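S.K.: Once you have looked at the hints, place chain B on chain A.
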Amino acid sequence: MSEAINRIVTNCPAIFFQRVVEYVDSGFGEAMVLTKHIDEPEKPNMLGQLRHARCEAGFRKAGEESGLVVHASHTIKAGSRYSMVVANSIYLIRGNIQKHCGTPRPTAFRKEWADLNQWLEPIQLDMLETKTPPPSDRLCAMIVTTAHPRLGNPSVPAFVGLGIPWPDLSGWAMMMPITDLLARYHDKDIEERTPQAALVEIKDRALPQLKKKPNANK
Amino acid sequence: MRNGTPGFQASRLVEARESRGLTQLALAELATRTSSTISRWENGTQTPEPDALESLANVFNLPVSFFLKPIPDHGDAPIFFRSMASSTQSLRRRARARLRWGQDIALTLQDWVDLPALDVPVLDATDYRDIRDADIENMANTCRMRWGLGLGPMSDVLLILENAGICVIKEEVGSAQMDGLSSWSAVDERAYMLLAKDKDTCVRSRMDAAHELGHLVLHRHLKEKNLTEIGAFKEIERQAFYFAGAFLLPEESFSSEVWSPSLNAFVALKERWRTSIGAMIMRCSSLNMMDEEYQRRLWKHYSARGWRKKEPLDDDLVPESPRLLARSVKLLVDERVRSCRDLLEDFRLPAADVESLCGLPRGFMSNEEAEIVPLPKLKARPSEPQFEKITAGQVVPFARRQ
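Residue numbers (numbering that gives the first Met the number 0), protein chains in the order written: chain A, 0 to 217; chain B, 0 to 401.
Please keep in mind that the hints were generated in silico from the structure rather than gathered at the bench. Keep in mind that the hints are not guaranteed to be accurate.
Stated by the list, open to error - Below 27 Å or equal to it, Euclidean Cα-Cα: the simulated DSS-like pairs (lysine-lysine) are: (1) Lys196/B to Lys308/B; (2) Lys329/B to Lys233/B; (3) Lys222/B to Lys233/B; (4) Lys42/A to Lys98/A; (5) Lys198/B to Lys299/B; (6) Lys202/A to Lys329/B; (7) Lys35/A to Lys98/A; (8) Lys60/A to Lys110/A; (9) Lys308/B to Lys198/B; (10) Lys309/B to Lys198/B; (11) Lys60/A to Lys35/A; (12) Lys329/B to Lys211/A; (13) Lys196/B to Lys202/A; (14) Lys210/A to Lys329/B; (15) Lys210/A to Lys68/B; (16) Lys98/A to Lys60/A; (17) Lys299/B to Lys309/B; (18) Lys98/A to Lys299/B.
Treat the numbers as computed from the prediction; the structure is a model and nothing was measured.
Chain A with its partners taken away, still in its complex shape (with noise of 0.2 Å):
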């Protein structure tokens, strides 16, 4: 897996993610805020609305911030609009918020897309029949957002990570949170880079010296 994670991080800048982050932790702050003068019972069907109306902005401005190619087209057959960003073969779209790191609603369009994943799979070999491999130049992943259960605080999110689903959408390939993610930037950012400052060895001067007596060039 550390090869679509590779891909990942070569294609999609490191900027993307952390705006990612910090527009869902906005986009749950603002649904809080909107709100806040909706009563009971209405309340959590709108906070729940707004969150991933929020979020959906936010993925698709951060997307567009990273100077990435950023879709809302309408679904085949027409129904709903999903967000998608695109990192040269990456595609990423979003999961439904949940209150668990599963699988997120299998929609049509989440099917469609992480069918792209098919080269995940490993290939069954057969001796009678010759399989050809399903391409693997292009990767669907999907941002993870999940809400903390009822006694958690509700005006943050409880998890934000990125998932590589399985092509059925009966699972995760590969998941982690965005802040693992960015490390991996780190990390191979460290590798390229020549540190910017040099470690400083000191020259060890503390050194005493004995005083020299006052008849000594006697």
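M.R.: Just chain B, lined up with the frame of chain A:
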């Protein structure tokens, strides 16, 4: 009428008692005197008779001459303690007494050797409220520039301090609540710091040293009364911490290396900068590289990983050690200017204390092996069956190699 001891220094008795962490009551019990007698000796209204002084010297394991040595006037510069709020007054007094003994040793050594000339920039502020964060950044940069350190990570902070003429003492203070203390001495106009060895990790020791340097640089002209004001202690400590962060992690170079302020990234940076991950989070916060909420989340994850007790690499990075006082002693002994015995008489301190304060190997001053203290053994219960009567461990000599 009782005859006292002429030349007895009452303040030395206080110092000795505090350095051993004893109360007047405990001392009275050990010296088989009343606590009021101890009190009178300490406030100078009475002096102990020669035999009582001998007894005191035995209790403290100090030579009698120690109590006759006048205390040098170190001036009114305050002593700054880096200790948690839970540290007791007796612990602070003990640490202060140890620092004073270290100063005594250094002053005596300077009769025979020249220590590196003092080269420490000092902020000319007499009130801590006049010190702004920009001044602190500026002073940290001034230190780096003056000592030719550039902007990169430093390989040995204690060596830098000793190069600049600061005397560093590192020893166990007997408690995890105390990290260090520092002070200027008016006698030789030199800066001194004592760092606790009890939680001796590389990054902690460097942070303690940089923190104390912050006090020496920023707060030299503060008066003792400044420290007793409400809120002063907290702000003065914050300033010293800020200085330590700025000195160890310069804004220009450090901030350019923090691409992602995540815990994993900080682990990679810790190895290079030799600064704790906690300190790096604080530094990023003070440089506005992360907002309050993000910082709160980082701390939460930091705690969840169990890093409050122990961070990654703590066991791998080697703690730094001071060398100036040990080198001075060794120089005098090696050059046969003074013998160990002469030096002990000069210092008027026992060998174990000198070795500990100077960072010398145990037994160096006394030319003796370390004392083997027998550990207490559990008594055998009479009801239990005793298969074999074992009285003590038997020492089996190893065969000599031919």
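S.K.: If a hint holds in the structure, say so; if it doesn't, say that too.
M.R.: To see whether the hints hold, each was checked on the structure:
| no. | hint | in the structure |
| --- | --- | --- |
| 1 | Lys196/B to Lys308/B | holds (16 Å) |
| 2 | Lys329/B to Lys233/B | violated (40 Å) |
| 3 | Lys222/B to Lys233/B | holds (16 Å) |
| 4 | Lys42/A to Lys98/A | holds (17 Å) |
| 5 | Lys198/B to Lys299/B | holds (23 Å) |
| 6 | Lys202/A to Lys329/B | holds (20 Å) |
| 7 | Lys35/A to Lys98/A | holds (21 Å) |
| 8 | Lys60/A to Lys110/A | holds (24 Å) |
| 9 | Lys308/B to Lys198/B | holds (11 Å) |
| 10 | Lys309/B to Lys198/B | holds (11 Å) |
| 11 | Lys60/A to Lys35/A | holds (25 Å) |
| 12 | Lys329/B to Lys211/A | holds (17 Å) |
| 13 | Lys196/B to Lys202/A | holds (24 Å) |
| 14 | Lys210/A to Lys329/B | holds (15 Å) |
| 15 | Lys210/A to Lys68/B | holds (24 Å) |
| 16 | Lys98/A to Lys60/A | holds (24 Å) |
| 17 | Lys299/B to Lys309/B | holds (15 Å) |
| 18 | Lys98/A to Lys299/B | holds (19 Å) |
Consistency note: the structure conflicts with earlier hint 2 alone.
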